[in-house]
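**Student:** Work out the full structure: start from the sequences and follow the hints.
Listed below, chain by chain, are the residues.
There are 4 protein chains.
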Amino acid sequence: MAKTAATEAMPAQSPSSLCARYMDVRQCSERYCAPLNIEDYGLQAVAETSPAKWHLAHTSWFFETFLLKPYCPGYTPFHPRFEYLFNSYYNGIGEQFPRAQRGLLSRPTVEEIYAYRHAVDKAMGQLLDGQVSKEIAARVELGLQHEMQHQELFFTDLKYNLAQNPLHPIYMPTEKAWRTDEEPQDICWNSFEGGIRLIGSPKIGEHENGPFCFDNETPQHRVLVEPFSLASRPLNNAEVLAFIEDGGYNNPTLWLADGWAKVCSDGWQHPLYWQHIDGQWFEFTLHGLQALDPARPACHLSAYEADALARWYDARLPTEFEWETAANELQKTNSQNNGVSSQFVDQGHYHPSANHNESLFGGVWQWTSSAYSPYRGYQAAAGAIGEYNGKFMCNQLVLRGGSCVSDRRQLRASYRNFFYPADRWQFSGVRIARDRRD
Amino acid sequence: MAKTAATEAMPAQSPSSLCARYMDVRQCSERYCAPLNIEDYGLQAVAETSPAKWHLAHTSWFFETFLLKPYCPGYTPFHPRFEYLFNSYYNGIGEQFPRAQRGLLSRPTVEEIYAYRHAVDKAMGQLLDGQVSKEIAARVELGLQHEMQHQELFFTDLKYNLAQNPLHPIYMPTEKAWRTDEEPQDICWNSFEGGIRLIGSPKIGEHENGPFCFDNETPQHRVLVEPFSLASRPLNNAEVLAFIEDGGYNNPTLWLADGWAKVCSDGWQHPLYWQHIDGQWFEFTLHGLQALDPARPACHLSAYEADALARWYDARLPTEFEWETAANELQKTNSQNNGVSSQFVDQGHYHPSANHNESLFGGVWQWTSSAYSPYRGYQAAAGAIGEYNGKFMCNQLVLRGGSCVSDRRQLRASYRNFFYPADRWQFSGVRIARDRRD
Amino acid sequence: MAKTAATEAMPAQSPSSLCARYMDVRQCSERYCAPLNIEDYGLQAVAETSPAKWHLAHTSWFFETFLLKPYCPGYTPFHPRFEYLFNSYYNGIGEQFPRAQRGLLSRPTVEEIYAYRHAVDKAMGQLLDGQVSKEIAARVELGLQHEMQHQELFFTDLKYNLAQNPLHPIYMPTEKAWRTDEEPQDICWNSFEGGIRLIGSPKIGEHENGPFCFDNETPQHRVLVEPFSLASRPLNNAEVLAFIEDGGYNNPTLWLADGWAKVCSDGWQHPLYWQHIDGQWFEFTLHGLQALDPARPACHLSAYEADALARWYDARLPTEFEWETAANELQKTNSQNNGVSSQFVDQGHYHPSANHNESLFGGVWQWTSSAYSPYRGYQAAAGAIGEYNGKFMCNQLVLRGGSCVSDRRQLRASYRNFFYPADRWQFSGVRIARDRRD
Amino acid sequence: MAKTAATEAMPAQSPSSLCARYMDVRQCSERYCAPLNIEDYGLQAVAETSPAKWHLAHTSWFFETFLLKPYCPGYTPFHPRFEYLFNSYYNGIGEQFPRAQRGLLSRPTVEEIYAYRHAVDKAMGQLLDGQVSKEIAARVELGLQHEMQHQELFFTDLKYNLAQNPLHPIYMPTEKAWRTDEEPQDICWNSFEGGIRLIGSPKIGEHENGPFCFDNETPQHRVLVEPFSLASRPLNNAEVLAFIEDGGYNNPTLWLADGWAKVCSDGWQHPLYWQHIDGQWFEFTLHGLQALDPARPACHLSAYEADALARWYDARLPTEFEWETAANELQKTNSQNNGVSSQFVDQGHYHPSANHNESLFGGVWQWTSSAYSPYRGYQAAAGAIGEYNGKFMCNQLVLRGGSCVSDRRQLRASYRNFFYPADRWQFSGVRIARDRRD
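Protein chains in written order, with this note's numbering: chain E, 1 to 438; chain H, 1001 to 1438; chain X, 2001 to 2438; chain W, 3001 to 3438.
Derived from the structure by calculation, the hints contain no laboratory data.
You may find that some hints are simply not true.
Under the rule of at most 25 Å between Cα atoms (straight-line distance), these lysine-lysine pairs were calculated in the DSS-like manner [stated by the list, open to error]:
#, chain 1, residue 1, chain 2, residue 2
1, W, Lys3262, E, Lys262
2, X, Lys2069, X, Lys2134
3, W, Lys3391, E, Lys262
4, X, Lys2391, H, Lys1262
5, X, Lys2262, H, Lys1262
6, W, Lys3203, W, Lys3332
7, H, Lys1122, H, Lys1134
8, W, Lys3262, E, Lys391
Far from chain H, by Cβ distances over 12 Å, these chain E residues were calculated [to be verified]:
#, residue
9, Met172
10, Phe214
11, Tyr249
To spell it out: a stretch of chain X is covered by chain H in this simulated footprint if at least three of its residues, at any positions, have a beta carbon under 8 Å from a beta carbon of chain H; those stretches are [to be verified]:
#, region
12, 2082 to 2094
13, 2372 to 2385
By construction, the Cβ of each residue, glycine as well, lies at the ideal position given by its N, Cα and C atoms.
**Tutor:** What follows is the structure in structure tokens.
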């Protein structure tokens, strides 16, 4: 049986007890918010990019709704309307405040939301003080994974929201020179054999002490993979520049029809956040506006751009099954290079660094050609918690690998992220693949 | 020559020197913002309702742009990008940051904007220290009138922005009981003779020490007014309730075609801010959600609603010429009651109170049937400052009289406010009129 | 009392009896449709431009609804659903098929609609055979005037609908050379005295055998008009070209704010129907695509363009009261030139010809600066027929004078046409005015 | 090697020579249009539903563009602008007239379009008179398959366009009673083994005289299919009624998130074309408005509805690989029932009939859960013709089986149709599937 080796390879950094891990993850959310001004907490430029405040509240809502209310007899909700205000999309819980208007909630204030967090944390501390049932432990684990996902969204949403400001606000100043001196490395092609592969993870609880996975990674099931090659690293900015200079954004024959429609309607001429000023290319980052570094991975690409770039390079996007196969293989054969060795947000890096190794994890999420669909035999959990993943299995594509703003404890070979092909505000890039015909 | 009697009737409350008046008006803006949380400063629910922060900055921009830059040699702008960020609509100055995105400017922070204000105030203090030319004095006066207008917009925009929040945030708690005990007074009809009337104000500078007026009130010119009657007070909530209960919002024959289209597309069933909860009517106010008081003037009506209400009451909207005629007449004949005696925002009233007198000023702005058009002979000022009023003279209707959140020093018989007929977020109501045929 | 002199000046071309006039007007609608292909009858490019078929049916619906149903006992409607399908906007009659979808009614077919027309005509013929009551006669007259208005709309809507076709379909070939050889005449300024003028027409029925007028022209009432000058002819294409070449469409200071917003959002760079092909200007007309003739009146201008053009020429739009005053004056003083002497649609002219005289009538409708408002004392008719004009008295501007595609029997000094300031698909132009200060 | 058995099972009805087949298919398009009025030819209710006229012209354009222009030296295009007007989406050929405005092309007239068709047919007859190259033959074959696809679209588009008309126009009267007397048969579950299956067709030209297939069916490739069961027939109207009566359209837990958003935004409460009138259900059909027949297959379902229905029935949509596996299996084991035995449009049936057999073909297209993606190794053809299928491989789902308005000569096990999950105007239904776990 395939192991989700990536997780094992990552050093366990989490404290020993569940309660300690809870506090650790929760404090991390607040630590990430520390550089913000109060004014930054409420920004929401489009429906998709929720305010920082809202992320802080919603993650607390998750624990209140799915742990405190059902498992703490006599628990009094912090505020009677928060169930409505901070419900994201769980119809099983009730109606939701309209997503596009989250930025209009100046009240509760930031201070009140921190008070909410701390009240939830206190109650959770009591709940987790001592022995907890398997059911509670599983829900707490899900809540922590959920919070880590929202920490990542905090960064992507914040970036988008700050980017609307012509003053180019800086989330975190950069210490070192932005541009890499070294020449970008050429892409190498790693070859993989075909065969029937086990994809995904066993269901949670099916084995003792198994690593966490989301329900959308289950059940583990067989997939026929044919021989393929996968690029040693994502396409970098230099390679996207070459595409631009060749007229790639003006050549319909390179694009999917829906992608070309988007290029035309939205006037795409370069990746999101790129700016061409006085003949020079810049990129807006969480470190402010920076000169474009050719050696860094291209990011904030839609799947349409990823697909057009792949076509221009006479290649294609990998399937998610190929990607997972490669991740599992590389882990086995080359354990030291293929762990998660990129630089991450918890190390103060808020932008993908130039790739020096073969790791599939970190840097940028990698678009696959696979529609986000249920695995054969997939069953969503019962009740409202079953709305976590399953109902989104339409119209989206799977991305793999994680980015610099992911929590590296979440990255593993079977992890499936998913966005609409036109979405560009995630740290999404492209690692190209080819059929192997030898 | 017609006197703009209302202004004279109002006791001069302003300090003697221009500089002192400058500081007084400027501090007023900050005093109105004092009850806000930092989070409230950035709210913008729709393009029309600018954030409080933006009002604070834009009014400073006005002095920086039209006084400090041209008249203070060597003046260094506070920030190179503020000219762009806080320009409202002056094409003569340059491009403008998109209006609908003002709420996305978390930077400059509130603190930085106060620093901007204070830097401008300091420089203005130096400019106004001593003798100033007539030209400068006139521009300062315009800047102060402009700032008073934005103080009013601050309240109307804030109200709209807070109203989006289901928590019903309170700008200012109310001290006394909200509902009036007394029965609403019946409407009386005041009759006015016809004849040729002088409408508007003489041009600024045409007479010494004349009261201020905006260019859209000039030139004073002759208008033929036929005999008419005007209601002694605006329609109150009880009267709008009667309209609602008679099916007024569902009867197309009462409405202008464009109004009915709006009723249907936006589902209007009552004035803005009214809520029907468990069989009872409430109204969102700057004092929070309050039980609807039948005796208070109905406000937040569009001109379409005002027109339909008037029709239902077998009456019509007055023309702006009738209104101004009435204001001038009443002032002459009944000086003690027809001054500005309503309760105002500077006295801690942020909602129109039940009317106890015949004043045409304050309470609610009163829609007229008059299109906002240039007076015969109107000339906009030269340069960018000429964009202040003139270019909006299309598609809007004139409102007269001022509201509780106006600065009462601005209210005068000739003052023309203007909004689109569908607009409802101002404190706008309806005082009905009739032809007199006797 | 003012006479609506224009009407008198026009030779009575109508047959003596009401029934004969009925048949004459009705046949005219069909004659105008004769050059169409069946396929042309159904075109509707935007909600405003109804299909030719729909005009044919709706005008018949008018007679069926307002004459045959109430006055012909036992009359059986031609089709039970036509009341719904061909009701334009009369809420008093009932619901209406959505305006924007009229082009989707392939059934009833053109043939069936002609059958409907002829059935209505037959029944009307019986109703009008012999003595008819004053009430019926008045309604028939209104129905005929209504049909003439729709004949004009037939041409404007058809032109817009055909203009969408890159093949430049020709409604009617032109026989003569399109471009005028002569130099365009310079504009002269006609001066008019100020004073109190009678504007509008007496109410229908208030005098015997008075000429027809719509209710929106009533009651006749006094207006104070100040001395003014009016251009001897509308601006012509050469003058609009000069404006274009001076950057008029790219200079915000020339435009009303709402106009400039439209210029930007819709990319206006020239009047509707103009095309710039290989360095040469063309104009799409009902005679096909033609080289732009500098001497012809500019048409298909919005009021925003009219206003900007006037400003550029250091002039302004006239008020509707000035225009009507001028029309009445010119008629009195100069009867032979100021009748309706332009070339009209009933003479095979479907485009305004170069102006050779001083007539205010025909050629192009002339935007005024007057909002379309009720005259003092205006009362809409009772019942559904009262929806004809009154409910549109908001947001629109008055145009005066009529165009080449008007029925010249309708043109008179008091006739008020009205459209939204952004509308361009009518034959609308601009005759500029100035204050007279001598 | 897997045979695309369905095609073989279908009796060859086509004339022997390519030229005869050409004429046969081409005449079929005209025969289908015969019942139309001229007015019906131009209808286009939404961008997706092209006018009948346009289909007639575009299919001719295909032969003109891809056969006559390249292979007939000296061929003069019928009209210089038709290349632009009737190009659907081939960027390789040039710009296209905007899709949403096809209904505005009253010219060329229907008669002119028939003239165009006949001119193309004449030239094609000359081209096909005698021996033709393999390349030409392949293109002609593609053109004929293309025309058959447009014949199907003609019906689906026409139905949608006619459905906008409240008169319920009838394309073809029905002869027999609409409602079936018999009770609907219960669904049976057909079981299929798992294993590696060959999916798709060999590339065209890879074997002699192979049946036609589109490039999106190639290359034939291996897919791992796990054991599954497939319903013996599509869900019928009675079953959808049961879903409605159970509140299925108001229960978010049954729906994909994007589907539920559509249910809410568009107010879906039943399949497209259903109407609830005075307590009874009706269905608009090409035979006019008919009482809903419980025994007929439900059609005009979006994939969202199909998915929700499947979930409610404790089942799921099949993958396209399962569907193709089933089609291939059933053909082998049960040749007499599993051919294409439903009633088709060429037999005068324009609505799916109640299913009396086990055939997977005809009746309604069956949504699969498979994203429309390229098969492993897929290569689009070179040049503009390569835009036929490949560029649409994103955001759409595969449907299988064909409908009553398909050309039955096209139906085969490997045929992939594709639409967006929200699309409802095709004859699309749902055949549910289940995992087999025995």
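**Student:** Indicate, hint by hint, whether the structure satisfies it.
**Tutor:** The hints, checked one at a time:
1. Lys3262/W x Lys262/E: holds, 21 Å
2. Lys2069/X x Lys2134/X: holds, 17 Å
3. Lys3391/W x Lys262/E: Holds. Lys3391/W to Lys262/E sits at ~14 Å (cutoff 25 Å).
4. Lys2391/X x Lys1262/H: Satisfied, since the Cα-Cα distance of roughly 14 Å is no more than 25 Å.
5. Lys2262/X x Lys1262/H: The given pair, whose Cα atoms are some 21 Å apart, holds under the 25 Å limit.
6. Lys3203/W x Lys3332/W: holds, 22 Å
7. Lys1122/H x Lys1134/H: Between Lys1122/H and Lys1134/H the Cα gap is close to 21 Å, so the pair holds against 25 Å.
8. Lys3262/W x Lys391/E: Within the cut-off at roughly 14 Å; holds.
9. Met172: holds, 14 Å
10. Phe214: holds, 32 Å
11. Tyr249: holds, 24 Å
12. 2082 to 2094: Coverage by chain H holds here, the residue count being 3 at a Cβ distance below 8 Å.
13. 2372 to 2385: holds (count 4)
Checked against the numbered hints above, the structure violates none of them.
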